[in-house]
Amino acid sequence: MTDEPVLSVRDLEKHYPIRKGIFNRQVGVARAVDGISFDIGPGETLGLVGESGCGKSTAASSIVRLEEPTAGEVVFNGNGRGGASRDPGGSHPNDVTRFSDAELKEFRRGVQMIFQDPSSSFDPRMTVGGAVAEPLAVHGMSDRRRRRAIVEDLLERVGLSAEDYDRYPHEFSGGQKQRIALARALVLNPDLIIADEPVSALDVSIQAEILSLVDDLQAEFGLSLLFISHDMSVIRRISDRVAVMYLGEIVEVGPTDGVFADPRHPYTEALLSSIPTPDPRSSLGGIELTGTVPSPTDPPSGCRFHTRCHRVIQPDGIDVDQSDWRGILNFRDRVADGRIDVESVRENAAGAAGTPTDEDIGDRLRAEFDIADEINDPDVESALQEAIDRLLAGDEEGAATLLSERFTTPCAATAPERTVHAEGHESSCLRHRSEHAVAADHADD
Amino acid sequence: MGFGRYVVARTLWAAAVSLIITTITFLLLAAAPNPQVQEAATQAALQGGDPAEAAERARELRGLDEPLYVRYADFVRGVYTLDWGWAESRSQPVTEALAQGLYYTAQYSVPWTILTVLIGPLVGVYSAANMYSWKDHAATGFAFFGYAIPNFFFGIILLLIFGVWLEAIPIVYNTDVPVFSVRNAVQLAVPVFVLVTGSIGAIMRVSRNESAEFQNADFMKTAKAKGVSPLRAYAYHVMRPTLVPLSTTLVGQLLALFLGSSLLVEVVFGIPGIGRVTYDALIAQDTNLVLGSTLAFTFVAVVGNLLEDIVFTVLDPRISYDDR
Amino acid sequence: MTTQEPDRFDRVDWDEISRSRWFDPSINGVGVLATAIPLLLVALYDWLVLDERTPTLDPVGLGWDVGTVDYLFLFTLSLFAFYIVLPLFQHPRRTRYYWREFRRNRPAVVSLGWLGVVFVGGILGPFLVSAPEQSILTGYQPPVFLSIDESYVSTCVGDIVGGRCQGTWRHPLGTTAGGKDVFAGIVHGMTISMQIGFITTTIVASIGIAVGTVSAYAGGWVDEVLMRFVDVVLSFPTLLMFLLVLYIYGAGLGMFILVFSAFAWGGTARYVRSKSLSIAEAEFIKANRISGASTYRVVRRHVAPNAASSIITQLTLLIPGFLLAEAQLAFLGLGDSAIPSWGQLISAGRSDLSFAPWIVLAPGMVLFLTILAFNFLGDALLDALNPEAEAENA
Amino acid sequence: MTSPPLLEVEGLTTTFDTDGGTLTAVDGVDFSVDEGETVCIVGESGSGKTVATESITRLVREPPGRVAGTVRFKGRDLLAMPDDELREIRGDEIAHVFQNPQESMNHCYTVGWQIAEALRVHRDVSDDEARARATDLLDRVGIANASARFDDYPHELSGGQKQRAMIAMALVGDPDLLIADEPTTALDVTVQAQILKLLDELQAEFGMGVLFVTHDLGVVAQIADRIVVMYAGKVMERGGVLDVFDHPAHPYTRRLLDCVPELGGDGGGIPGTLPDPRDPPDGCRFAPRCAHAEPACRTDGQPEEIDVRPGQRVSCVHYRDGRDPSVLGEDPAGAGSDSNEVTSGDD
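Residue numbers (the numbering used here), protein chains in the order written: chain A, 1 to 445; chain B, 1 to 324; chain C, 1 to 394; chain D, 1 to 347.
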C-alpha cells in the first residue's frame, strides 16, 4: 500500500483527428500524445519536460479528462481509493478513463491543476475569494460563511491576506495570481496537483518565490505533483524525478540527479546542453540540433528523434565522421522533399566569385549541411558526389533515389525499446540495444 | 490552389441562400390572402355577382388553384429566368420597371459608394493617427452625428434649407436634365451628401478603432526601427491590415444603407429610383412589382455578402481556404 | 461557527457534505419569478375571464387596458431590474470600478442622463401626461416663444400679436395639423420607443445567446447547421422583409417587434458563439471544469456572464437600429398609424414643413438625440467593459 | 579605450503621461557600447530595460512618451537630431530585433517583402536587387530554401524561423549597432541556443556592437562582455561580466544571482514587488525590498555610482567612502545563504 503510486499512467494516447473539406473528412490524425507511461508516488514531484508542441500539456489535460484520451489507462489511487486490485478482465477499478460522471466528480476533488497564464486563470467578473471558493460550492458546500472562512485561511497560507477575498483579479500581479491559483488548487485538499507551466510567465525572482511556496505546501500537506515545464532549470529545482518528452513520447525518465548528471537519451543531452549555463567562463555552444522539427501528424518512423539526432546511428559498413553523417541525412531528407533550390544556391554562390562552377556549388551545398569537402569513406564520398552531380544536372528524383537507397539509418527502421540504466532511470534509444532491455509490457509495480 | 474551389463553394452557397429566401417569400405569399382575389370577390359582390365564384375565377386566372408544389416550381422557375411578371400599376414588365428605377438609383448610388469607400477609411486612419487630438474629436463627432441622424430626417431638414428657403435645389427631383450635367449634379448633391454622412460614420469608426490597434502593434515598431517614414508606415502597415476587418463592415454597411435608406431618400427627394418604384408598388398593391423589387434587393444582398466573404479571404493571407 | 478553530480546507469532511444536497436559488431568479407569475396570472385572467372590450384593470378601477406588448414590456423590465440593475448593487466594488471607467467618457455620461429621461418619461409619462387628442380647432399651434401667421390657425390658444399667433405653455412644443399636442406625442412616443427597445432586445438577446452558446458548445454538425442558418438570416434585408410582411399581413407594433427581432438575432448569435469559444479557451474555464463543475454550471456562471458583458455593448448598438426602422416605416406611412410613435409624428408634419417645421423638428431631434445617446453609450460601454483595458490598467 | 564608444547614452530619461500621472520608466540612465562589444541590460520585467533601448532611436510613441538626455552614436546626438535624419540611421546603422517575432512582423506581407523593405527605404535598389539581397540574408541566417521562403507569409514560418527572419531584416543595412530586446525569450531552449549562436557568429562577421536586453542570467553569462543591471528605471550596478558574476556588489544584483540555483544561490526569489513608477521611493529604488536597507537608503535619491573595481560601478550607500560593504555579506553568489539556511531538499 505504501509503495502504491498516487497516479499511474499507462500507454496514454491522445490523437486529434484532422478534418478537411466541406464534408469534414478525416484526413489524418495528429498524435499529440502517443503512448506515454509513468508513475507518481505519494509526496513525489515528477517533472515533465519537453519543447513546445511535444504534447506535455495535452498529456495533462488527458490525464484529468479535460479532454478524453484516445487510449490508455490512468489509474488514480488517491482520494482513499487506494489498495484496489485489477479486475479479472484486466481493467482497473481506479482507471480514470473509465470513471462514471459521479466518480469523475469525486476524482476532481483528488486532482487539481494550475495553469500557465495568470491573466486568464481567473474569471474577471468574480472576486478572487469567490473564485477560490467556487470548487467548494461545486462540491456542495452551501454554507457561505464556512466557505469564506476556509478561503480566507487558505489565502493567508499562500502569502496573501484575508482582506484580499473581495478584490478582483485585475488588482493582483502575475505572481500573486499564481498564489491565488495555488489556493484554488488546494481548496479541495487534493492528493495530486498538476502544474502546467505555472511559472513560465513570471520573472525569475518571482519564479523562485512561487517555487519555494510550492515546495513548502507540498511538504506540509504531502501533495504529489506533476510539474510540466519547458524550462530545465525549473524542473531541476522542483522535481524528484524527470520525464523527458519528445513528439508525444517519453524518451527518458529517471531521478532528477541521474538524468541531469548522466543523460542517456541524445535528446535529453541536447536539451540539457542548450540551457545557457550561468557561468560567464563557459563558452556558448552545446549541441545544436539540425534537421527540421517533424509534425505530430506524420511522425518519423522508428525513433522519432532520428531526423534531428546528433548521434544518429550509421548502418553496418559506413563509418564516417558523425557530423558528416548527420549532414548527409539532412541533405537526403531535403532532397527527398524537393526543398533544395539549386538555382538559388547557384545565385548565392555567384555573388562570391564570378560564374560558379559545379564544384563551387557542390562545396556550397556541403557547407550548408556541414558536410566535409571530402569524406574519409570513399564509397560514401562517391555516392554523395554522384547525388550532388545528379542534383546539379537537374535530376532531382535521381538524386533523391540514390540518396535514400544508399544512406539509411537503423534508427528510422526500428523503434527503440526502454533500457534500464539504473534504479528507475530508463531511456529509449537504439544505442542502448546491447544493454538490458526491459520487457515491453508494464506490470503494476 | 484552394482559392478557385473556395470561390465555387461559396458561390454555390450563395445560390442556395437565394433559393431559401425565394422559398420563404413564396411561403409568405402562399399563406396570405391574395388582395387581387379578394378585390375580384368584392367587385363581384358589389355588382351583384357571386363573390365565391368570382374569387374562384380570379384564382384560376392566376393559377392559384394548382397544387402548392406546382405553383412553387413555377414560382422558382419564374424567379430564376427573370420572368417576374407584369407590373399592373405601371403597365410594363416588372423587370423593365426595375431597370428604369435602377437607372436613377445608380445616378446617386455610384458617387455615394465611391465617396464613402474612399473617404471613410482615410479619415478613420487619419483620426487614429491623431488620436485624442481635436481633429480626432471632430471626426468622431461627425461620425456619430452621421450615423445617429436618421437619413430621412436629415434629408427633410436639408430639403427645407436648400429647397424651400434657399431654393438652390428643386423640391422634387427633375428627371428632364441630362445625366452628366451640372444641374443634375446639383440636385443629386444633397441626397448624396445625406447618404455619405449616414454611411461614412460607421466606416470611419471601424477603421479608426482597427487602425488604432494596428498602429500600436509591434510590427509598427519594427517598421519604425527599419527607418520607414510615418507616411509609408501608415500607408503600408496600418492601412493594409485595417482593410481586412473593414472589408467585412464595409459591404455590410453599404448594403444595409442601400437596402434601407435609399428607399427613404428617394421618397424624400422624389427620385424615381428602385426604392420609389417599390414604395409606389406597395401603395398601389401591385403584388408582382412588390415581389420583384423585394427579390431584386434580396439578390443584391446575397451577392454583396458573397463578395464580402471573397474579398475578406483575398485580403487576409492567414485565412486558409481549406478551413472555411 | 467555531471561533477558536477556523475551518481549514484540509479538515473538511467531504463525505458528509456530498450527502447533503439542496436547491440554492439566487435572489435574482426569485425576483424575476416573483414578478413574472403575477403578470402571467393577470394576463391569463385578461385573456380568459374578461371580454375584449373591458380594460384589464377595470376591476381595480383603472382604465388601463394591458395589451400583449405591455405584458412583454413589463416582463422585460423585471428582467432588466433583476439581472442588470440589481447585480450592480450586489457587487458594489465592481460597479464602482466600471463606473470609474465609464465616467471618463463625458458624452456617454450625458447620454446616460438623456436615456434616463427617456426611460422614466416612457414609463411614467403616460400616467402624467394624457394622450394627445385630436382637436381640429387648435391645429398648428406654435411652440412656446415662437409664433405663426394667424392665417394658418383657426383658433389661437395664446395671444395674437401683430397678426401672428404666439405659442403658449399649454402646448410647449406646439400642435400638429390635427391639433395633437406635440409634447404629449413625444412623451407617449418614449413609451413606444422603450417598448421597442426593451422587448426586441430581450428577444434578440435570448435567441442570440441560446443559439450562440449551443452552437459553440455542441460543435460538429449542430454548429454547422446553426451557423449556416444564421448566414441565411443575415442575408435577409430586414426592412424589405418587413415591407413584404406588412404588405401581406398588415402591421401593428407587435408585428413590428416580432419581425425585427426574428431577423436581427443573427449577428448576436454569431458574436456570442465566437465569444463563447474564446472564453471556453480561457484557463479559468478549465480550472472550473477541473473543479468538477458541470457544463451547465460553467456556461451559466462563467461563459454566459462574460459573454453578456460584451453583448450588452452590441445590443446597445442594436436598439437605435430598431428605433430608426420604426421611424422610417412610420414616415413612409406603412406603420400602424394608431401608435403615437415619433416616426408617426414626423410623418404627420411632413407636408406642413415649410410653415410649421416644429411638428417634424421636435420629434426628429428627440429621435436623433436618443439614437446618438445609444451610440455614445455603446461606445463607452465597449471601453469600460473591455477586459484588455482592465489588464492594461491593472 | 582611447577611441570614443560607438554608442554613448547619458542621462537618458523616458517618461509617459498617463491618466494616473507621469510615469518615469527610465530615470537618468547612462551606458555605452563599443564597437564589436556585447553589452547586456539585465533586470526584471518592469525595470525599464526595454523602454531604455527603444528610447535610443526614439521608438517610443511620443506623446504620451517623452525622451530626454543625450544619446551619442558615432559622435552624433540621436535625440537632438531631426526625424528624417534619425530615420536614415534606423534600420541602417542601428537595427532592432524584438522579443516577439510573431507580433513583430506584419501578417499582410511576405517575409521577403518585409526584409526588402528595410533595404528599399535606405538604398535606391531595384526589385531584383532587393530580392537577391533579402534571399541571401535569409540564407545566411540559416533558413533553408531561402528563395522559396521569400514568398512565405509570416504565419507559415515557425517561431524560430520568424526570429531568424527578423534578424535578417535587421542585418539588411549592415548595421554597426544591433539592439536585441529579449530576442530568445519567446523561443524554446533548443531554438534559443541556435539563435544565440547565430547572433554570436554574425557579430563576429559583421563586427557589430550588440546591446542585448534579457532577464535570463544564463544568456547573459553566455554572451555578454559587460553588464548593466537595471531596477525600476535606474542603473544599480555595471561592470564586466566576470566581475559582476564573481563579485556582485549591489544587494539587488546579489539577490538576482541568488535566484539561480546553479550559481549556488538559495533560489528564494526576491520578496516584494517593483515600486510604482508613478511614485518611486525617495532613496534607493531597491530599498523597500532590500534586506540591508538602512535609513540612509531611504532618502536623498538613488546613491551616486561608486567604483568598486576597475570598470565595475555600483549605486549603493554601503560602498560610500569609509563604509564597510561587508555588512552585505562576504561571498558574492553565496551571499544570500546567510539569510536563509533552512531551504533544502530541492536537489
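FYI, nobody ran anything at the bench for these hints, they're computed from the structure.
It cannot be assumed that every hint is accurate.
Said to hold, decoys possible - Simulated restraints on C-beta separations:
1. 148/D to 283/A: 32 to 40 angstroms
2. 141/B to 68/D: 41 to 49 angstroms
3. 378/A to 4/B: 49 to 57 angstroms
Stated by the list, open to error - With the C-beta cut set under 7 angstroms, the calculated list includes, among others, these residues of chain C facing chain A:
4. 278
5. 282
6. 302
Glycine included, C-beta positions come from ideal geometry on N, C-alpha and C.
Okay, the hints, checked on the actual structure:
no. : hint                               : in the structure
1   : 148/D to 283/A: 32 to 40 angstroms : holds (35 angstroms)
2   : 141/B to 68/D: 41 to 49 angstroms  : violated (35 angstroms)
3   : 378/A to 4/B: 49 to 57 angstroms   : holds (52 angstroms)
4   : 278                                : violated (10 angstroms)
5   : 282                                : holds (4 angstroms)
6   : 302                                : holds (5 angstroms)
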